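Asker: Heads up, the sequence shown is in our numbering, so the first residue is 14 and it goes up one at a time.
Calculated from the structure, these hints are not laboratory results.
Computed from a predicted structure; not experimentally measured.
Glycine residues also receive a C-beta, built at the ideal position from the N, C-alpha and C atoms.
Simulated pairs of lysine-lysine, DSS-like, Cα-Cα distance not exceeding 25 Å:
(1) Lys370 - Lys171
(2) Lys171 - Lys119
(3) Lys370 - Lys119
Each pair of labels, with its calculated beta carbon distance range:
(4) Tyr294 - Ala206: 25 to 33 Å
(5) Ala51 - Arg175: 30 to 38 Å
(6) Leu48 - Ser216: 49 to 57 Å
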Amino acid sequence: MSTLPAWSMVLPLLAVPLIVALDRRPNAREAVSLLAGAATFLCVVALWPEVASGARPAWYFAEPLPGVRLALVVEPLGLVLALVASFLWMVTTLYAIGYMRGHHEKHQTRFYAFFAVSIASAIGAAFAANLVTLFIFYEALTLATFPLVTHAGTDEAKRGGRTYLGLLIGTSIGFLLFAIVWTWQLTGTTDFAPGGILAGKVSGVSLLALYALFLFGIGKAALMPFHRWLPAAMVAPTPVSALLHAVAVVKVGVFSVLKITVYIFGIDLLAGSDAATLLGYVAGATMLIASLVALRQDNLKRRLAYSTVSQLSYVVLGATLATTWGVIGGGLHIVMHAFGKITLFFCAGAILVAAHKTEVSQLDGIGRRMPWTLGAFAVGALSMIGLPPAAGFISKWYLMLGSLSTEHYFAVAVLVASTLLNAAYFVPIVYAAFFRPARDEAHADHGEAPLAMVAALVLTATLTVVLFFYPDPALTLVEQLVGGGP
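Work the whole structure out from these sequences, hints included.
Answerer: In C-alpha cells:
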C-alpha cells in the first residue's frame, strides 16, 4: 500500500516514452494514453478503502534540506483530487482522439506526452505531504502545461503562453515561496497536519499577510487581479482547455488553497479572523466581477473561461468561511465543478469541430442539429448555476449552509447574486440553441461531432447528474477533513 502513492504518479510518466516512440502509429499511441489513464485511475482507487478507514499511506523519497523531506501522503482531499484527475484523464483522452483528428491538429504526440506529464504533476501535488513537495509539483504542472497552451504555435498562442507562464510563475515565486519560507521560520516545519501548524504562532496583521500571500501566491486559483492567465490560455485546443479548467490546473489551485487552510492554518485559527473575512470579500468580488465579464463575452470559450474564474472562488470562499460546512462545500465543489465544466468545454469543442462556430451569437438553432451535444451543455449549465438535478446544487447547498451558520450575509448575498448571473449567461445559450431558428439554415448540413467526442461529453454530463443523486463517495472523503462532518 505504501508504494501506491508513488506508482500513481509514476505510471503517467512511464507512458511518456511509449507515447513518443509511437509517434507514427497514432492508434497505438492513443491506446497507450488510454491504458495509462486506466492503470493510474485503478491505482488511485486502490487507495480509497485505506484512506476512507482512516489510514494515510505515505512514501518518502528525498531530504534535500535538514528536516524538509520530499514525501507523498494520501489524505482525503488529496485522494479526491487524484481520483478526479486520473478519471478525467481517461475521458479527456477519449475526447481528444476525436477532437485532434477531427480538427486536424498538428503535433499530436507532443500533446499526449505533455498531458501525461501534467497528470503526474497534478497527482504529485494532490499527495504532497508538505508545502515544499506541493510547491515542486505545483511548479512542474505550470511548466508541463506551457507547451500545451502554446500548442498552435501562432503569435496569439505565444502571447497567451507568456501571460500564462508569467503570472503563474510570478505569483508562485513572489508570494507562495515567500509564504512557505515564512511558515517554516514560524513553526520549524512545512508538514501538513490535521488542525494546522500555525495556531499560537501568528495572529493579527501577520496572519492576514501570511494568508494573503498563500491565496494570491496560488495563482492557479485565479483570484483577481491574478486571473488573466486563464482567459489568455483559451488559445489552446479544447482538450487543453479541459485540462486547465477541470482536470488538473485550476483544480490544483483551489485544492491547494483548501488544503493549506485546513492543514497549515486550521479552521479554528481562521474562524472569525480579519484574515478570513477580508479575503472572503476578495473571493466574493471575484465571483461577481468575473460573472459580469462573462456576460459580455460572445466567444463561447472566453465566456466559459470567465465562468471558471468565478466558480473557482466558490472553493476559496468556502475555505475563508472557516467552518465545517464551508470546507465541505469547497471540497465538494472541486468535484462538482470538474464534471460540469469539462462537459461545457467538451461541448464547445464539439461545436467547433462539427459546425465551425465559436461565438455565442452563432448558436441559434444548433441544438436541433446537435441534440446530444447541446443537451449535455444544458446539464453542465445547470450544474454551474447550481440547480437540481445537477451536481453543482450539492456543493452550493453546503456553501450556503456554511454562510448562514456564521451569519456571513455578504457570502449569502454573493452566492445568490452569482447564481443569478450564472443563469443570465448560460440560459440564453440553451434557449437560443433549441428554440430559435438557425440563421444559416440553408447551409446547416452538419450533424454531431465525431463519436469519441460525443461519447465523452455524454459520459461527463451523465456523471454530473449521477453525482447529484449519489454524492456520498466524495462526501465521505471530504467530511474527514473536518472530523466526519457536523
